[in-house]
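Undergrad: Here's the letter readout for the chains.
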Amino acid sequence: MKNPLIQLNGITKVFRVGGEDFSALHEINLSIEPKSFMSFVGPSGSGKTTLLNLIGGLDTPTSGEIKFGDESLGDMSPDQRALYRRENIGFIFQSYNLLPVYNIYENILFPFLLANLKESAVRDRVMSIIEQVGLMPQINKRPSELSGGQCQRVAIARALVKEPRLVLADEPTANLDKENSYQILELMLDLNKKFDAAFIFSTHDEKVTKFVRREVGLEDGYVRWDKRRNGVGDFE
Amino acid sequence: MIRWLIKGMLRDRTRSLFPFLVITVGVALVIVLVGFMDGVIMGMMDSTAHLDTGHLRVVNKPFYDEEHLNPMDRALGSQKETGDWLKKNSDPAIEWSPRIRWGAIMDVPDEQGETRSHTPVMGMALDLLSQDSTELKRLNLAESLTRGRMPDKRGEILVGYQLARTLELEINKSVTLIGQTFDGGIATDNFTVVGFVRFGIFAMDKKMALMDLADAQETFYLHDMVTDWLGYLPAHVSFHEYDEYRSRLESALKALIDIHPSGWARDDLPMAVSILDQRHIRPIAEKFLVVRKFIIGIFLFLMVVVLWNAGILNGIHRYGEMGIRLAMGETHSRLILSLVGESLVVGIVGSVAGCALGGACTYALQEVGLNMGDAFAQSGLMLSDVVRARLSVGGFVRGVIPGLTASVMGTLIAGLAIYNRSEANLFRELEAG
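Chains A and B, in that order, give the protein sequences.
Our numbering puts the first residue of the first sequence at 1, with every later residue one more than the last.
Our numbering puts the first residue of the second sequence at 1, with every later residue one more than the last.
Just so you know, the hints here were simulated from the structure itself, not pulled from any lab data.
Only a predicted model underlies this, so the values are computations on that prediction, with no experimental measurement involved.
Please note that a few of the clues may not be correct.
As the list claims (entries may be wrong) - No farther apart than 25 Å at their CA atoms in a straight line, the calculated lysine-lysine pairs in the BS3-like style are these:
#1 K141/A to K7/B
#2 K137/B to K87/B
#3 K210/A to K194/A
#4 K88/B to K153/B
#5 K141/A to K35/A
#6 K118/A to K254/B
For reference, chain B alone in the conformation it holds in the complex (with noise of 0.2 Å):
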């Protein structure tokens, strides 16, 4: 029987072509939509935690409490043990970085020394010289560089191109840095300017400089010590999983805690974070998710509408043949039931071509992005300025089990006027044709 049916679907293009149209088209959009809108937040969430947060991060709680001032006596010490432990205790998914956050003013001096521009300038510090770092890869800070080189020494820096034009710093200039002591008191370096990046986030290209690790430590007597470790997960893992990975890490720091170490966290206060609860990301997410489903079911809707549409269409094109099966003695609920398996075999062939054309559409998206630069021009936000779609298989799902769920239900509605059809008009029925 259901190579029968099978058979009258693929010679009846009229009973099957249009419903596998508009599956095939509604698959693909949920998940060039919902890829879009993914690597969208993903990449808005990446970008931050690359620069700034992390998907994790460890961080020691006074400083934590107090971040807007920056407090670098609370940071976190005994860097190798903590980054030991980290690596031991936490998920072996979870790559660690140590980073210092630092505040200072950048004083550009004239040919005499004397102070020809200066402008305060927030800072990060980063593993940059070692072979082995992952942090150059991450930022991606190569293809990054407008001019200049990566520092390959201590004393370099890389600053924001745009905060290179307002204090129209030249390469290898010398700039002093300003700021303040792990103990309280002023710090300054000399430091050369040996590249200029382009984030592609307009904040940190107007206001970031970049510095070694270990220059940092010098500077601001941070020997053996970073404000934080920021924790990054693989780009597979959504940002709905991030809360366990940091609820696992919050135990294991917990137990750490409570038997009252002699070690590294002896005279900290170590807590994890993860991205959505900095910089109000978590309303932002769930806000997201509110109109992805939205989108959704937007679309499963629209694809019902049209599918019992469709589905009544049929039916009016096959009354001859539900009729004349009804009168042979097939029951309503068989009859029902080989529509219902009609329509689902079109769903699971439009769904795949669906998956098809929106996965290649999503890919695409994700290798080549649309670049939004101008738009995000003037926003503070931290995204890439390349806005990128992200192919994951819950994508599929998202645009599958819409595409299914309307391709049957599309049916079974058109299906209740087959259901209540009166077989004592049959013979009159069918007699006029």
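If we strip away everything but chain A, and leave its shape as in the complex, we get (with noise of 0.2 Å):
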């Protein structure tokens, strides 16, 4: 097996919940390696998005140790764990959450305004990345007069535009309908073959599931399954 880009170690995560302790994790462990494309699945309440958010340094787990190449993500600050965020990872979510007084192509901008680059420094990649997600036509309009796919194609871009080592998406499909989910899935697949990143989806839609190389079974918060798969077809 290649090294890990994560490793979850014994990872438990207890709420505080109306003066009781909830365990959302037990006992975690994972293997990431790069360039994974695989999701968690599991009902609500199984642990899928707390997870989602100890892996992106959104959240500290109970116990156990998170691990990011080499680096412990126990051992960062709030302002490293930002950090790290900003350099090496990308966030899709379910609603785009995409800026509404912002163009297309202001909103894939700003990843690289957070770092402190130059637009002139960085355009040629935006406009490459607004073009590989097929929205050149668009590339002035706001989120607003946009459709749900397509808000969710500038999510991507900005997710991918500053080439992070690993994309979370939390239901990313869950707004869209069938067709344009599917479309979604396929850029995002074929995204994590030219930019080398992993993807990692929260998802309970089973269209996700043809798509992943890898998904891993969640409930309450324990690990049911971890299957795998080469290609099309069923999972080992």
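Grab the two chains, each in its own frame, and use the hints to assemble them into the complex.
TA: Below, the structure written as structure tokens:
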């Protein structure tokens, strides 16, 4: 097995809800390779989003260790975790979360501005990804003028434009119809190959299952199954 | 990033328009209020200074100590020498005017030359006849005449129009002034009343008479003497600075006295007082400063509260944006900093607009003024009937600083919620839309 991109060792996450402890994740051990295209599946409350939060550095585990490459997220300060997200992670959300007052170009440019890069230095990269997601004709449009599928393409472009090593997508097809869902998944699969970025989905959409190469099933905070396949076909 | 943020502010008016309007109106109101209050207090001071006290006053100490008795024997001698010394040794911005305060009975004879009416009057003698006299303009005498003309030769006087009414005076009527001379004798002289003046100050209109300085020196035997040298500062000098001018002048006078002068101050003890030390003006000025600070403080507080709420509404409106920015790796402190940057831009633009609006209104109030004559009619204060605002750099500063402070503080307080926002819930929050 290649050196893992993410290594989860004995991850437990306990929330305090209504004065009582609630364990969202129990002793999770997972290795995620670079360029993965995988999903966390399971019903609501199974711990999918909590796991994405932890991998994305948005939250810290109650116990256990998360390693990104050689770095342990547990050793990072909040500002270092912010830097980790800025440099390594792209996020895709179910409801796109585009910035409504900016056009497509400006939305996709934003991650570079966060990294204090000048627009002139990154313009070509922004234009290139817009072309790759097929939105060049809509470049000057704002999110309110786009369809759901187009919005999600912008969100994907925004997540990938800085060429992160990992893209976390929470229910990326939940707001899309069947046709748009397939188009978006195909696009992400294509970009996964082009950009060498690992994609992790949190989903209970069966359409996603057809595309991923690995599926981790979660239930009540436990890993119930971890299936892999090469190419198209049934999981092993 | 700054360009990107400004673009967002321009496109999303809910983000900038309301705070902009609050700051514009707040800054404008502060400028107008401060300008109006400055105008009232400085108007009062200028009226008092022009007619009575000067902004600075050089007077013989024995005269000052017993001023209520108007002791002419304690007037300052050597008028020309004194004037030359003051011009040479005081701030060049100060204009000096020699004056004589006098008091007398004004007797109005009937056709047979018998007393028809009489009344005590308070008088001021000043340079009315010189070609280059600055007093006429300072007191705005030509425009204040209700009847008659300005004196153009010796032996002519002006009286307050209310005084003229009380004594049933006519223009060109002769009156007799009966007073006390420098050396304690009785002074009597006839004068021709050539004009009635409306000073705009009730006490003056009812009791005041003006004569030329040389006439007073002759009538009261004050050869080469004056009771006061009144100093006038330019309009831009605020009353806060009067003490400084006074103290510099006082030091110069002290140095002069200490070397035992052989000249004009030989027999006198000249002292400098500012208007603040006369007519109980200092306590009024101090209270005015407190009230002004209070008003600015109230406006600052109100603007902070309104902008804080605007900031919270803005935070709610942009909840998703803030969330996505945190998720994408913007630190809390940088996020707050960018919001403060936005509020600073809004604050600056709003302050500029507020300055323009407030400045225009204050300028209009300065040029046109408000006629409060009816309200002041029974007042003994030396207040001009027309109250004018005063536009000053200080007024703008007092408007802009609360505007900018309120804008930034409102954002910072509202930003606390963003600062405390937990990233652990971002996915759920952002999915909620």
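Undergrad: Could you tell me which of the numbered hints above are not met by this structure, giving the numbers in increasing order?
TA: When the structure is compared with the hints, numbers 4, 5 and 6 turn out to be violated.
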